[in-house]
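> In order, the protein sequences belong to chains V and B.
Residue numbering for the first sequence follows our numbering, beginning at 14 and increasing consecutively.
Residue numbering for the second sequence follows our numbering, beginning at 60 and increasing consecutively.
Quick caveat, the hints were computed from the structure, so don't treat them as lab data.
Don't take each hint at face value.
What the hints assert, rightly or not - Chain V stretches covered by chain B per the calculated footprint, using a threshold of three residues with CB under 8 Å from any CB of chain B:
hint	stretch
1	116-130
2	178-190
What the hints assert, rightly or not - Here are some chain B residues the structure puts well away from chain V; computed CB gaps all over 12 Å:
hint	residue
3	THR83
4	SER89
5	THR90
6	THR100
7	ASP113
8	ARG134
9	LEU145
10	PHE157
11	PRO171
12	TRP203
13	GLU227
14	LEU234
15	GLU288
16	ALA299
Glycine included, each C-beta is placed from N, C-alpha and C at the ideal position.
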Amino acid sequence: MEVYLPIAEMPVNVFVILGLGAAVGFISGLFGVGGGFLLTPMLIFLGLPSPVVVASQAPQIAGSSLTGALAYWRKKALDVKLGTVLIVGGLIGTQLGVMFFNAMRESGQLDIVIVLSYITLLGLVGGLMLAESLRAVARTRSGAPPPRRTVGRHRWYEGLPFKMRFHRSGLYVSIIPLLVISCGIGFAGAVLGIGGGFILVPALIYIFRVPANVVVGTSLFQILCTMIAATLLHATSSHAVDAVLATVLLIGSVFGAQFGARAGANIRGEHFRLLLALMILAVALRFAYDVLNKPEELFTATLTETAR
Amino acid sequence: MRLVRALLLAALIAPAAAPATAETLLVTLSTDKIGISSNFTGGDIVVFGAVQRDEGAGEGLERRYDIVVTVRGPRGATTVREKRALGPMWVNRAARKFIATPAYAAVLSNRPIPYIAPDAELRQRYALGLEYQAPPPSDPSRMWEPEEVQFRSALVRLREKQKLFLEEPDGVKFLSPTVFRATARIPGGAPLGLYGVDVALFSGGVPIARTLTPFAVQKSGSEAFIANEARRRPLQYGLATVAIALFFGWLASVIFRRD
Chain V
14 MEVYLPIAEM PVNVFVILGL GAAVGFISGL FGVGGGFLLT PMLIFLGLPS
64 PVVVASQAPQ IAGSSLTGAL AYWRKKALDV KLGTVLIVGG LIGTQLGVMF
114 FNAMRESGQL DIVIVLSYIT LLGLVGGLML AESLRAVART RSGAPPPRRT
164 VGRHRWYEGL PFKMRFHRSG LYVSIIPLLV ISCGIGFAGA VLGIGGGFIL
214 VPALIYIFRV PANVVVGTSL FQILCTMIAA TLLHATSSHA VDAVLATVLL
264 IGSVFGAQFG ARAGANIRGE HFRLLLALMI LAVALRFAYD VLNKPEELFT
314 ATLTETAR
Chain B
60 MRLVRALLLA ALIAPAAAPA TAETLLVTLS TDKIGISSNF TGGDIVVFGA
110 VQRDEGAGEG LERRYDIVVT VRGPRGATTV REKRALGPMW VNRAARKFIA
160 TPAYAAVLSN RPIPYIAPDA ELRQRYALGL EYQAPPPSDP SRMWEPEEVQ
210 FRSALVRLRE KQKLFLEEPD GVKFLSPTVF RATARIPGGA PLGLYGVDVA
260 LFSGGVPIAR TLTPFAVQKS GSEAFIANEA RRRPLQYGLA TVAIALFFGW
310 LASVIFRRD
């Protein structure tokens, strides 16, 4: 069944989009990440215009992260105060990201910016996670106890000014590094059409040592709010938000996410992180392959202005 | 505004037609409006035409007529970019911006165009054929420089792949020696706006009449509503999109609640 997307101005098969949403939703339910980093490239490969893809991901991510955030809220596994600090940084980053997005779109370099950012970001995060999870797997094999954090030892960024106490996370840190990281994620989210959960979750765990039980809920809460802002900013500045595309994707992904979450309950932590790392690296390699290989078609044509 | 543009376009091509003979061309379209709704996957525009000979003039002369029907979509600037090696990477480097290029073009004729108009300069002046749809460079002598040719042929190739450019040398059917019909397919991804059907009548390699008939491709129903709201009231549109998304997110959390 074909459906015409009013903003992308092209017809798509509704089952392909539903299926894609469900597949990515499954992965996001499995790993607790938004899945935008998989969905954006797939939709672009389908031939949808990349500005519309990136802008329409924002409401889709907002909707699916609400589902997750509500579940964690009921379990009280959500640090609202920490989330609010992250949102402030996220909003600044989103605003900057949307401005950058529109500037790059005009200059015709948006595609290469998206591709290179994906390679860098996914390569870096995937590589770090892979190394960490391989060490963890090796550790459990050898039976050694996990390294414990020495009490009283602080890292340099924890000593910065503007310290704040976060009771639910049991944290007392400077808000500067929190704002910097969430600002960067907001920026990446607006430019690349990703929620940023796959950066924020490891950052909160490894850098700030937020307890694992509140990390996912808090990250979902932050993503929910920044993506609502991103939708509004894209809608008012680039006019590229396709409500029909976002809704169809969302319907697919909420169902997929439920099955993913059930499947995720049966996988062990280290293996789970190893799998996620491998998947992130695979997407990075796919992109790298595209830029490094001589493409079959060297030319692209874009309609820059139309008289209506 | 649209009418003014159509008239201007008609005025531009009228002097070139300069009918020295006594034939007139009558053209009518199957519709003057193609509406795009949620199930739109493309539509056809059917062009009917007749060649009318003046009483008395050229009587007894049996002329063989040739027809070239060119359906053109709204014109816009199109940038063609070429990827070139930058170190190990392939990056958009060179670009050629074609101004006022139709976003859609279908060139239909009753036989291959070089037979209809053997003079290449004439073909270029009348924009007969896909290779002439993008306007020539400001310095016409550069038209056949290798780089220009590369960009032009890339534009045609890419648009043909999207089915936005098409050429059918047997797309015009003569129902009688003077009555013809042609059908152009407007694909689902075709741009919206004012289209023009340019019909040129040739005989013996010489143009004798030309007409331009407009029609519109526009969104209808909910598609028009959504697209209009997105432009006219972007903030409300954004808020509504967020509300729909949050509603589905909330609904899912209710349906799948497990406690």
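> Now look at each hint and say whether the structure bears it out.
Outcome of the hint check:
1. 116-130: Holds: 4 residues of the stretch 116-130 of chain V have a Cβ under 8 Å from chain B.
2. 178-190: Result for this restraint: violated, n = 0.
3. THR83: Given that every Cβ of chain V is farther than 12 Å from that of B:THR83, nearest at about 30 Å, it holds.
4. SER89: holds (21 Å)
5. THR90: holds (18 Å)
6. THR100: violated (5 Å)
7. ASP113: Holds: least Cβ distance 37 Å, greater than 12 Å.
8. ARG134: violated (6 Å)
9. LEU145: Not fine: 9 Å to the nearest Cβ puts B:LEU145 too close to chain V.
10. PHE157: violated (9 Å)
11. PRO171: The claim stands: B:PRO171 keeps its Cβ more than 12 Å from every Cβ of chain V (closest is about 26 Å).
12. TRP203: It holds; B:TRP203 is separated from chain V by about 18 Å at its closest Cβ, greater than 12 Å.
13. GLU227: Fine: 21 Å to the nearest Cβ keeps B:GLU227 off the interface.
14. LEU234: B:LEU234 clear of chain V: closest Cβ-Cβ about 33 Å, beyond 12 Å.
15. GLU288: Since the minimum Cβ distance to chain V is about 9 Å, B:GLU288 lies within 12 Å and the statement is violated.
16. ALA299: For B:ALA299, whose nearest Cβ neighbour in chain V is about 7 Å away, the distance does not exceed 12 Å, so it is violated.
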